[in-house]
Amino acid sequence: MQHKDKTPQAPEAWKPRLLAIFCNWCTYTAADLAGVSRMKYADNVRIVRVMCSGRVDPQFVLDAFARGADGVLIGGCHPGDCHYIEGNYKALRRSELLKRMLADMGIEPKRYRLEWISASEGDKVQRVINEMVTEIKALGPLDLPGRAKAWDEEVAELEGELKEKKGECANV
Amino acid sequence: MSKPKVAFYWCASCGGCEESIVDLAEDILGVVAAVDIVLWPVAMDFKRHHVEAMPDGSITATLLNGAIRTSEQEEMARLLRRKTQVLIAYGACAQSGGIPALANQFSREQILKYVYEDSPSTVNPEKTRPQTRFEEEGRVAELPEFRNVVRSLDQVVDVDYYLPGCPPTPKVLKGALEALLSGKLPPKGTILSPDTATCMDCPRLDSKPQDLAIEQFRRPHLTAMDPEKCFLAQGVPCMGSGTRGGCEAQCPKGNMPCTGCFGPTSKVHDQGAKLLSALTSTLAAKDEAGINQALKGIPDPVGTFYRYGLAKSLLRRKVDLQ
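For the protein sequence lines, the chains are A and B, in the order given. Using my numbering, the letters of the first sequence map in sequence onto residues 1 to 172. Using my numbering, the letters of the second sequence map in sequence onto residues 173 to 494.
Chain A extracted, bound-state conformation (with noise of 0.2 angstroms):
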């Protein structure tokens, strides 16, 4: 997969950026209602909506970790009130491991969130983002492209030695 370069950005002008996945029935119509109800959160949100929490396989968190995301934030129904019986109950027992496996990896556990938000709870969605965007903040940027970046120069640097000694050869 082709990472789009990114430009280094001085950290002054550096804004985190987060990836929220919600659930069509409850947390999806829970930001709606934050919406309609005009209360302010964090403009560093992406908001994706899948039909259910358990929709949202760990390929797509790693994949938006790898494509710059700062943080990722998931939201479902409450225990008990998925729309499809057992989704957000998948959910959780994915997310238990996955944490385990990103704090493997090295990435923050407050990097990723999962959280019940049900459709009438809009002023969560406005605390959970906003709590989120903060601490994201203090942890500094993530940057996976750029490090990515970072770790395949020490291969392009070869690349270019071997190319100047076959041009002297071929000079000879």
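Hints should not be assumed to be uniformly reliable.
What the hints assert, rightly or not - Using 30 angstroms as the maximum straight-line C-alpha spacing, the simulated DSS-like pairs for lysine-lysine come out as follows: (1) B:285 <-> A:149; (2) A:15 <-> A:40; (3) B:490 <-> A:137.
What the hints assert, rightly or not - Computed Cβ-Cβ distance ranges for the label pairs, DEER-style: (4) B:300 <-> A:67: 40 to 50 angstroms; (5) A:123 <-> B:468: 32 to 42 angstroms; (6) B:428 <-> A:67: 34 to 44 angstroms; (7) B:362 <-> A:55: 23 to 33 angstroms; (8) B:428 <-> A:149: 38 to 48 angstroms; (9) A:149 <-> B:303: 24 to 34 angstroms; (10) A:85 <-> B:464: 14 to 24 angstroms; (11) A:123 <-> B:375: 51 to 61 angstroms; (12) B:468 <-> A:85: 23 to 33 angstroms.
In case anyone wonders, no lab produced these hints; they're calculated from the structure. These figures come from a predicted structure and were not determined experimentally. The C-beta atom is built at its ideal place from N, Cα and C for all residues, glycine as well.
Following the hints, complete the assembly by docking chain B onto the known chain A.
Coordinates of chain B only, in the frame set by chain A:
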């Protein structure tokens, strides 16, 4: 007509892939008769300068196994890429980093310190570390550089085909060699193994329950395993559902769960994350305490789900290492 030229080379790997070529047994005689082997350091005496002297693109196929960790391996990968028409990443390490890529959870400094100072079997009071350049009595030895990251072959050079497995089975290798020799090659980038999950080859498939409700994950070496029943039904983490077939379920047939060495099928984007998802979502518990109790059977999620593919995972390595 001259015979096609074939090269075998190994980078960061255990040697099992080289062994698997010998595992062709009497079929290897047919291979030796049909091709000219121009480089095979483990078995035949060819030197790097022999390869350097060959015209670019003159080797028909190179089967390169092992991950890329040192500058020498990078150089050899580039040299062989230039000299070769068809470059095949041979085995899990070349395909996706393999076991060596688990070192991507540690920094270069952590690894060197452990290996040259801290490991229980090390005696090195001067704390000598390998140097890239060494001079004695006017003679100079140059050693390769140990890189920060373990890479798959295609993270360094362009790769034409992949032969998965740790190691690839003789059947998979034979199929690839036959395709090469007959000139009937699939599109570039193809993984030369069936695109179905290992479960489809598993003799235990019929005992897999429709609805798994795993109470507790169990570690294989602490569990008496029923030799007939699906591992997941016994709570033993088995990677078969997210792993490409072609191995004919050799491990389950030997009463060990699949560990995922054939890599993901084409429908899986990140093998570890997908396997994590598949296995944990089938747990029976519905609260955090119960879930975490069940998960005690998976003490090392990275090592369990990315055993052969950390270099090619979306995260690639532990992200906060210098």
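Taking the hints in turn, this is what the structure says about them:
no. : hint                                : result
1   : B:285 <-> A:149                     : 26 angstroms, holds
2   : A:15 <-> A:40                       : 17 angstroms, holds
3   : B:490 <-> A:137                     : 21 angstroms, holds
4   : B:300 <-> A:67: 40 to 50 angstroms  : 43 angstroms, holds
5   : A:123 <-> B:468: 32 to 42 angstroms : 37 angstroms, holds
6   : B:428 <-> A:67: 34 to 44 angstroms  : 36 angstroms, holds
7   : B:362 <-> A:55: 23 to 33 angstroms  : 30 angstroms, holds
8   : B:428 <-> A:149: 38 to 48 angstroms : 39 angstroms, holds
9   : A:149 <-> B:303: 24 to 34 angstroms : 28 angstroms, holds
10  : A:85 <-> B:464: 14 to 24 angstroms  : 23 angstroms, holds
11  : A:123 <-> B:375: 51 to 61 angstroms : 55 angstroms, holds
12  : B:468 <-> A:85: 23 to 33 angstroms  : 27 angstroms, holds
Against the hints set out earlier in the document, no violation occurs for any number.
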